[in-house]
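4 protein chains.
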Amino acid sequence: MKIPVAILGPTSYTALHLIQLLRRHPAAELTYLASQRDELPNIAEEFPQLMGLCELQCQKIDPPAIADQAEVIFTCVPHLTAMEYVPRLLEAGLRVIDLSADYRLADPALYEKVYQHPHTDTENLADAVYGLPELFGDEIPEADLVANPGCYATAAALAIAPLLARNLVKPTGIIVNAASGITGAGRRPAPHLHFPEMNEAFTAYNVGTHRHQPEIEQTLAAATGQEAQILFVPHLLPLNQGILESIYLDPASEAISEEDLFDAFEDAYADEPFIRIRNDLPNLKHVRDSNFCDLSVRLVKGKAVVFAALDNMIKGASGQALQNMNLMFKQEATLGLL
Amino acid sequence: MKIPVAILGPTSYTALHLIQLLRRHPAAELTYLASQRDELPNIAEEFPQLMGLCELQCQKIDPPAIADQAEVIFTCVPHLTAMEYVPRLLEAGLRVIDLSADYRLADPALYEKVYQHPHTDTENLADAVYGLPELFGDEIPEADLVANPGCYATAAALAIAPLLARNLVKPTGIIVNAASGITGAGRRPAPHLHFPEMNEAFTAYNVGTHRHQPEIEQTLAAATGQEAQILFVPHLLPLNQGILESIYLDPASEAISEEDLFDAFEDAYADEPFIRIRNDLPNLKHVRDSNFCDLSVRLVKGKAVVFAALDNMIKGASGQALQNMNLMFKQEATLGLL
Amino acid sequence: MKIPVAILGPTSYTALHLIQLLRRHPAAELTYLASQRDELPNIAEEFPQLMGLCELQCQKIDPPAIADQAEVIFTCVPHLTAMEYVPRLLEAGLRVIDLSADYRLADPALYEKVYQHPHTDTENLADAVYGLPELFGDEIPEADLVANPGCYATAAALAIAPLLARNLVKPTGIIVNAASGITGAGRRPAPHLHFPEMNEAFTAYNVGTHRHQPEIEQTLAAATGQEAQILFVPHLLPLNQGILESIYLDPASEAISEEDLFDAFEDAYADEPFIRIRNDLPNLKHVRDSNFCDLSVRLVKGKAVVFAALDNMIKGASGQALQNMNLMFKQEATLGLL
Amino acid sequence: MKIPVAILGPTSYTALHLIQLLRRHPAAELTYLASQRDELPNIAEEFPQLMGLCELQCQKIDPPAIADQAEVIFTCVPHLTAMEYVPRLLEAGLRVIDLSADYRLADPALYEKVYQHPHTDTENLADAVYGLPELFGDEIPEADLVANPGCYATAAALAIAPLLARNLVKPTGIIVNAASGITGAGRRPAPHLHFPEMNEAFTAYNVGTHRHQPEIEQTLAAATGQEAQILFVPHLLPLNQGILESIYLDPASEAISEEDLFDAFEDAYADEPFIRIRNDLPNLKHVRDSNFCDLSVRLVKGKAVVFAALDNMIKGASGQALQNMNLMFKQEATLGLL
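Chains as they are written, first to last, in my numbering: chain B, 1 to 338; chain U, 1 to 338; chain S, 1 to 338; chain D, 1 to 338.
With the rest of the complex left out, here is chain B (with noise of 0.2 Å):
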């Protein structure tokens, strides 16, 4: 029998992403979409690409009757509006992907800092586990919470945690350049990104302020026990998806070589089937529409200069997010996903 699932908040990109994938899964079938709208539309109506492919209705968001319908749910609401829903649907027995960011901080007072709002779900946030696979795999099949880590995030934390773990770069003075496409800032438009004001512009935002950068060191401290400094800087690319990380660090000592660095990412990722450490640059463009997180390393003028490349809608968001289904499901991670 398929994995029965659920998408809360069908009508956003990452659940447009979702439901594409899904219909890949052979092991997963999705049979609810529950939506806050008033009127509830077919999905096909809201994404005119999903016609003949998922043609469900959009229904309440009743977490009894989800539960009755699924075993598993995936969040894809606004932060503050995930935590909203989070523990009913916890409550009805449904475990829960969320993709928003109310369960990745596990410090309920960081959590207050960054977002601005207290936390109203401790309760489970206790139990979330930072459903970001290369890292935490362990903790992930038995979660029935798991939070979908952040797309800025997890290209930083790949891209730094083996070599900090190996005590090949100083925990300091890291600076990630990011930039990403701008489904990244979601379906809702806005004056900066109206089509006119994007295409053809290039921009930082958020520097040094933006919340993934909190996300980063939690995850770098969690896998490596190092508490790294990060200096976050991202921009908009006049792009659709992909997001492009040039990461420069201080290496350790002068001994280390370009290869060393290589090297850790060998060791670190060989088992890991979505992750390529590269020889040449990676190029979002190369990880379009895949789950795969594209490595590379540049040993250059003192500095380890990192380059991580992914789709944040797929390795960023819905990719991983299905991933973390697999492996609470006991399937193998790249279940509909290669």
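No lab work stands behind these hints, which were simulated from the structure alone. Model, not experiment: these values are computed from the prediction. Heads up, some of the hints might be wrong.
To be verified - Lysine-lysine pairs mimicking BS3-like chemistry, simulated, CA-CA at most 30 Å apart: (1) D:301 / D:170; (2) U:301 / S:113; (3) D:2 / D:330; (4) D:170 / B:301; (5) B:113 / D:301; (6) B:2 / S:2; (7) U:301 / S:170; (8) D:60 / D:2; (9) D:170 / B:170; (10) U:2 / D:330; (11) U:2 / U:330; (12) S:330 / S:2; (13) D:2 / U:330; (14) B:301 / D:301.
Stated by the list, open to error - Ranges between beta-carbon positions, derived for each pair: (15) S:110 / U:254: 20 to 30 Å; (16) D:253 / B:27: 57 to 67 Å; (17) D:270 / U:29: 21 to 31 Å; (18) S:53 / D:270: 50 to 60 Å; (19) U:93 / B:187: 45 to 55 Å; (20) D:227 / S:53: 39 to 49 Å; (21) B:334 / D:209: 28 to 38 Å; (22) U:55 / D:26: 21 to 31 Å; (23) U:258 / S:188: 24 to 34 Å; (24) B:78 / U:118: 34 to 44 Å; (25) D:254 / B:221: 22 to 32 Å; (26) S:209 / B:334: 43 to 53 Å; (27) U:81 / D:206: 50 to 60 Å.
All residues carry an ideal CB built from backbone N, CA and C; glycine is no exception.
Based on the hints, put chains U, S and D in the right spot on chain B.
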């Protein structure tokens, strides 16, 4: 002394282009930016590219105060809003170049049908001059109220009128297949204009129902005396500025040659500085940021196919408005525009 | 056992898409990449996105060796080159699906006129089947040589044939206004395809002289028995993949309604899994990366306007080729394609 | 009398921008286009946008003939080619503004190392002035040979020099993370610049090995007396024009505030018409088609992060060249450039 100029609705894309064009105009000076906003911005805060170039403070819409500082005003507000203000602006003694649609259709009944709202200023409508200089240049110098033509309508009228006037094509069955950059839809964000929706996309809209369709028919009737039947099919292009129209017409007889069609254009526009008759195929890239309308024609498989390209923000809006201002103030048409 | 599959010309865009589609195909396996190059690359070096997905080494073009490892070969080389190799591939016992133009036009004289070169394999040309499954599906299963249709021609034929076959539109005066993404022009760099030349650009080309024009006419004659006259006007869009055609036809009589036109499509394509009849207007974005052809129609101002959208790389090339392979090997048409 | 001006290499993108800027320049006149081509085009055939604006015929490269008609020549040919012609142009009596890299690096040994070719005109190299007016404005008026700076190097030097000169940042460990539009790679088609390869793509290139890296270091040494160590990491953006550099520096001490950094810029550039110190974050869109370099700075997590934006074709090439011409001919620096 320079012509003192005001703009109503200074935070629109058309206003931005007017401001940029006026900076280079040797005989005009921008003196007043009249805004409907509650909080009146400095225009360089609204449009960061204007820093150091134009840092005027927006002011309230006070017609007498505007008339103290300006002789002419460009109204860059949406239709319906324009005709709220235009009577008072005229009354205050200002000459008005209206970039909205409110004074383009001479017949109030047609206006009501097309814009789904009764015309509320039929008195001034009766005196308004349609500001397409290449076709109605004689009427513009004395006008106090000029209706600046629609972007699509400008290209279509310039492309069709010479052929129709010389009876080289039939007035029936004319197809205008048009494609426009996204600035043509204005600056207000909307779901379908959100960057990820428009990027890598192309579709038609308002097939045979676009409001410029009757405007084109009216213009051709006024310019040629013939009742042309236009099927107008616009598309949205994933780029910022520019319109290309591919126009299909039936030659009036089999005796007509491609050379006859070129001759008609050369004849009609011999003295027009902003019309370029090309042998190669017009590309909207080649008219970008210019006040040109590029035209070419092919006679193939029994059809005359005219291609017209212009920049929807310049010849399709702000450049043409300035061309009209030049004529109204007895300046060279090209002043500040080449 | 899976169908063993070879590709000739593996470094083209159509080959890349074939490789990606074949990876997901449950009943086919890629075994041989035959390349003309002197230095034979690993395909994952040529296309970095294939790392970890398909790392086949390209090999020499040796028809018997290919036939040892494959039953069918997709030829992804340019016209003229294709007909150099096809005879030997057939002779070696391979079935051939040719993505070039060499076997599309049944009449060698027409081929010579259109492609400015005599046809050098008229023997096999006589046996070639035109691989448009929705119109000629019966002939494909037994074919040894399938001519995969042109991208533009696929959309136009699918859009026009049902209306023409039912005498709902006149065969004369048909206008196909088409726009394609740049992958349609192939992978070889050229001045007019250089990024800065195409970006923020839009223009027509080959007006009434494009090679797909006679192909469309041939297809319509074969499918409907009528000699349709097509004026085909292609444009290049600043995006990667996708074709939208806006097709103008004269209804056969005034009695014909828009509903009649929709009914014709529903009737013609009721059992066709890759044709979607839409009420909303097709957008090439909504068929991206799919094998669908989306169709809709409007009856307005006396014209029937059909809109057809497909992905030029999938339904316009590699997806359709795979659909043909499915039919040739008695598989479900949709296998690996939904 | 206007300054008579020639261009060598008129079919390049930088020449196109020079021609367009010169058209609006009140004190200069383009008289001679010297081309290496065998078939000498009319420049309006080469660049269709110039029709009706500049229709000069290209001519042979004949230094004495050029000197008869011009006082100054802009050399818009690639490096290596430039130093073939410059000696003869100078000898003929022309003043030269070279947009290639040939006269930028003062040390011939460094040139040979960076450009992999011995310098063949060391005599004139010794007299060349580096044409970055904001840093070396005093030397330009009397120069006969001005080396117009590299686009990336202009932004980096303008961003770093004021802070380094005032000892607000350390000269070590400086990271310049840069991103440029595709025109920066020139007009010659190449596989990686083919539209479908660059569109929806983003990647780094020449990490720590780009030729502008030593140029930046040379400029900073000359302007500040300090040996700065620069790690320069360029990326290619899917857009036409514009550079954004995100520059990471270590403050010289903990006492330094963000205000100190802004003060340094205000102090350095108080009288510079083309430098805009912004509070908001520079966006390459906001300097498009202008000769501005926009600067801003953030002090965050212990790093000074400077953002510099300019148009690689204007302040990064042709606009700066014209600014240099203005200074060489004792004109206002801003003439024709605002």
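Evaluation of the provided hints:
1. D:301 / D:170: 16 Å, holds
2. U:301 / S:113: 17 Å, holds
3. D:2 / D:330: Judged against 30 Å, a Cα distance of about 13 Å means the pair holds.
4. D:170 / B:301: Holds, at roughly 16 Å.
5. B:113 / D:301: 17 Å, holds
6. B:2 / S:2: Within the cut-off at roughly 25 Å; holds.
7. U:301 / S:170: Satisfied, since the Cα-Cα distance of roughly 16 Å is no more than 30 Å.
8. D:60 / D:2: 23 Å, holds
9. D:170 / B:170: At roughly 19 Å apart (the allowed maximum being 30 Å), residue 170 of chain B and residue 170 of chain D satisfy the hint.
10. U:2 / D:330: 28 Å, holds
11. U:2 / U:330: 13 Å, holds
12. S:330 / S:2: 13 Å, holds
13. D:2 / U:330: 28 Å, holds
14. B:301 / D:301: 23 Å, holds
15. S:110 / U:254: 20 to 30 Å: At roughly 25 Å between Cβ atoms, residue 254 of chain U and residue 110 of chain S fall inside 20 to 30 Å, so the hint holds.
16. D:253 / B:27: 57 to 67 Å: 59 Å Cβ-Cβ, so the 57 to 67 Å window holds.
17. D:270 / U:29: 21 to 31 Å: 27 Å, holds
18. S:53 / D:270: 50 to 60 Å: Given about 57 Å between the Cβ atoms, the range holds.
19. U:93 / B:187: 45 to 55 Å: Hint holds: Cβ distance 48 Å, inside 45 to 55 Å.
20. D:227 / S:53: 39 to 49 Å: Taking Cβ atoms as reference, residue 227 of chain D and residue 53 of chain S lie about 47 Å apart, which means the hint holds.
21. B:334 / D:209: 28 to 38 Å: 36 Å, holds
22. U:55 / D:26: 21 to 31 Å: 24 Å, holds
23. U:258 / S:188: 24 to 34 Å: 32 Å, holds
24. B:78 / U:118: 34 to 44 Å: 42 Å, holds
25. D:254 / B:221: 22 to 32 Å: 24 Å Cβ-Cβ, so the 22 to 32 Å window holds.
26. S:209 / B:334: 43 to 53 Å: Given range 43 to 53 Å: holds, Cβ gap about 49 Å.
27. U:81 / D:206: 50 to 60 Å: 52 Å, holds
Of the numbered hints given earlier, the model fails none.
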